[in-house]
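**Q** Between the sequences and the hints, there should be enough to build the whole structure, so can you do that?
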Amino acid sequence: MKIQFVINNQNKEFELKSETEILLDLLRRYGYVSVKEGCREGQCGACIVLVDGKAINSCLYPAFRANNKTVLTLEGLGQENGLDVIQKSFLEAGAVQCGYCTPGMILSTKALLDKNPSPTEDEIKVALEGNLCRCTGYIKILDAVKLAAKRIYKKLKV
Amino acid sequence: MNNSKIFSPKNLVETIDLLTKNKKIVPIAGGTSLLLNLPKDIKLLDLQQLKLNYIRSFNNGLKIGSMTTVSDVIDSPIVKGYYNGIIKEASRTIAATANRNLITIGGNIVGIHPWSVFPGLLMLLEGKVITAKGFVFKAEKLFSSIPKNILGKDIITEIQFPADKKNVVTYWKKFSFTVTDYPIVSIGIICEKDKEKIKKIRIVAIGLTLLPQRFVNAEKILQDNKIDEKRILSVVDNIVQEVKVSNDIRVSVEYKKEILTVLIKEFLYKLLEENK
Numbered sequence: 001m002k003i004q005f006v007i008n009n010q011n012k013e014f015e016l017k018s019e020t021e022i023l024l025d026l027l028r029r030y031g032y033v034s035v036k037e038g039c040r041e042g043q044c045g046a047c048i049v050l051v052d053g054k055a056i057n058s059c060l061y062p063a064f065r066a067n068n069k070t071v072l073t074l075e076g077l078g079q080e081n082g083l084d085v086i087q088k089s090f091l092e093a094g095a096v097q098c099g100y101c102t103p104g105m106i107l108s109t110k111a112l113l114d115k116n117p118s119p120t121e122d123e124i125k126v127a128l129e130g131n132l133c134r135c136t137g138y139i140k141i142l143d144a145v146k147l148a149a150k151r152i153y154k155k156l157k158v
Numbered sequence: 159m160n161n162s163k164i165f166s167p168k169n170l171v172e173t174i175d176l177l178t179k180n181k182k183i184v185p186i187a188g189g190t191s192l193l194l195n196l197p198k199d200i201k202l203l204d205l206q207q208l209k210l211n212y213i214r215s216f217n218n219g220l221k222i223g224s225m226t227t228v229s230d231v232i233d234s235p236i237v238k239g240y241y242n243g244i245i246k247e248a249s250r251t252i253a254a255t256a257n258r259n260l261i262t263i264g265g266n267i268v269g270i271h272p273w274s275v276f277p278g279l280l281m282l283l284e285g286k287v288i289t290a291k292g293f294v295f296k297a298e299k300l301f302s303s304i305p306k307n308i309l310g311k312d313i314i315t316e317i318q319f320p321a322d323k324k325n326v327v328t329y330w331k332k333f334s335f336t337v338t339d340y341p342i343v344s345i346g347i348i349c350e351k352d353k354e355k356i357k358k359i360r361i362v363a364i365g366l367t368l369l370p371q372r373f374v375n376a377e378k379i380l381q382d383n384k385i386d387e388k389r390i391l392s393v394v395d396n397i398v399q400e401v402k403v404s405n406d407i408r409v410s411v412e413y414k415k416e417i418l419t420v421l422i423k424e425f426l427y428k429l430l431e432e433n434k
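Sequence lines, in order, name chains V and F.
My numbering puts the first residue of the first sequence at 1, with every later residue one more than the last.
My numbering puts the first residue of the second sequence at 159, with every later residue one more than the last.
Just so you know, not all the hints are guaranteed correct.
Mimicking DSS-like on lysine-lysine, the simulated pairs with C-alpha atoms at most 25 Å apart in a straight line are [what the hints assert, rightly or not]:
hint, chain 1, residue 1, chain 2, residue 2
1, F, K291, F, K182
2, V, K54, F, K246
3, V, K69, F, K209
4, F, K388, F, K358
It is worth saying that the hints were derived from the structure and are not from the lab.
All values reported here derive from a predicted model rather than from experimental measurement.
**A** Spelled out as C-alpha cells, the structure:
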C-alpha cells in the first residue's frame with residue numbers, strides 16, 4: 001500500500017510494510033531517525049511528531065492515517081544554515097543531556113508555541129506532560145521552553 | 159506481518175454494511191489502544207471519513223460526535239462552562255497531550271478500560287449514547303455491561319449530555335502516582351443543594367473495575383438531608399461495603415478502598431464547611 005504526505009515541507013510517497021504499520025516504524029525506515037523509539041505504547045513521548053500541527057505519539061498512530069496530511073519531524077525544524085529558535089533555546093538553557101527525549105520535547109514545544117506563543121508555566125507542563133526525561137530533572141527544559149516562548153513572542157510583537 | 163485490509167466508509171449505511179458482512183473487521187477510531195493489541199488477519203474499518211468530529215450545543219445540553227478527540231473537547235468553548243467545566247476537567251485527566259490528540263470519545267467508550275473517563279462522565283451527568291443504527295442508550299444501561307457486547311455490529315456516533323445546570327457543585331478528582339498515569343481511582347460527584355439540604359447527589363467512580371460504578375445507596379443517605387459528620391461517615395461505610403474492586407498490580411484492594419473514601423470525604427467535608 002502506498003501513501004503520500006508532506007513531510008518537512010516536501011511531498012513524498014511512502015510504501016507501507018503492512019496496513020497496520022505504525023508511523024514511527026515507517027518514518028525510521030525512511031531515515032527520519034530523530035523520531036526515537038522508546039516505550040512503543042504512548043507513555044514516553046520519544047517518538048512524538050507533529051501531524052497537521054498537533055503533537056502525537058507516532059508509535060500509536062497508524063501510518064495509513066498520515067495519507068494527505070502534513071508531518072513534521074525534527075529534521076524539518078532546523079535549517080541547514082542554522083537552528084530553529086526552540087532548538088537554540090534548548091541548547092542555551094542546558095536542557096539537553098543524553099538527548100534521546102529532545103526531539104519529542106522540542107516538537108511538543110513547537111506544537112504548544114504555534115498555538116500559544118505566551119504560555120503560562122502550567123500550560124507548558126500540560127503540553128510536555130507526556131515527554132519523559134531521565135537526565136535533566138525537567139527544570140532546564142521548562143527554562144528552555146520559557147526562553148523560546150519569550151523569543152517567539154518578542155518576534156511576533158515586532 | 160498480517161494481511162489486513164483497510165476499509166474507509168463514507169457514510170453510516172456503508173459502515174454498518176461492512177461491519178455486518180465481514181466477520182473479522184474491527185472499527186478503528188483513534189487507534190491508540192487497538193494497534194497495541196491487534197489480532198492477525200484482521201480488517202480495519204477506518205471511521206475517519208464519517209464526519210463524526212463535532213461538538214454542538216442543543217437545548218442547553220451538549221452533543222459530541224464519537225470521532226471527536228479528547229483534545230478537541232478540552233479546547234471547546236462550548237464545553238468550558240458546561241456543568242462548571244467538569245467535562246473539561248475530567249478530560250484533562252486522560253493520558254497526556256500527545257495521546258489526547260488521538261484518543262476519541264467513541265474509542266474511550268467502546269475500548270473500555272477501568273480508567274476510561276467518558277463512561278463515568280456519562281453516568282454521572284445522566285448522558286446518552288447514540289448509535290449508527292439509531293439506538294439511544296442511557297449511560298447506566300450501556301455501562302451495566304461491556305459496551306462492545308451490547309453494541310454488536312453497530313457503532314457509536316454521538317454522545318449527549320442533558321441541559322446544563324448552574325446551581326450545582328461538581329467535583330472530579332483523579333488519584334494516580336503521576337499526572338499521566340492511569341488512575342488508582344477517579345471520583346465524580348455532582349450535587350444540587352437547596353440551602354443547607356442536599357436536593358440531589360450522584361457519586362460515580364472509575365478505575366476500580368472495568369465498568370464505572372455509581373453508589374446509589376450512599377446517595378440515598380444524603381438525598382433530601384442536611385449534611386453532617388454522622389451522615390458522611392455513614393456514606394463512607396456504605397460505599398466501602400458495596401464497592402467492587404478488581405485486582406490491580408500496582409496497589410491492593412484495601413488501598414484503593416482507602417483512597418476512594420479519602421476522596422469522597424474530601425468533597426463531603428468541603429460541603430459541610432460551606433454550610434457552616
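**Q** Next, verify each hint and record whether it holds.
**A** Outcome of the hint check:
A distance of roughly 20 Å separates the Cα atoms of K291 (chain F) and K182 (chain F); the hinted pair therefore holds under the 25 Å criterion. Note on K54 (chain V) and K246 (chain F): the hinted pairing holds, with a Cα-Cα distance of about 19 Å set against a maximum of 25 Å. For the given pair, K69 (chain V) sits about 17 Å from K209 (chain F) by alpha-carbon distance, which is consistent with the 25 Å threshold. The straight-line distance between the Cα atoms of K388 (chain F) and K358 (chain F) is roughly 18 Å, inside the 25 Å bound, and the hint therefore holds.
Of the numbered hints listed earlier, not one is contradicted by the structure.
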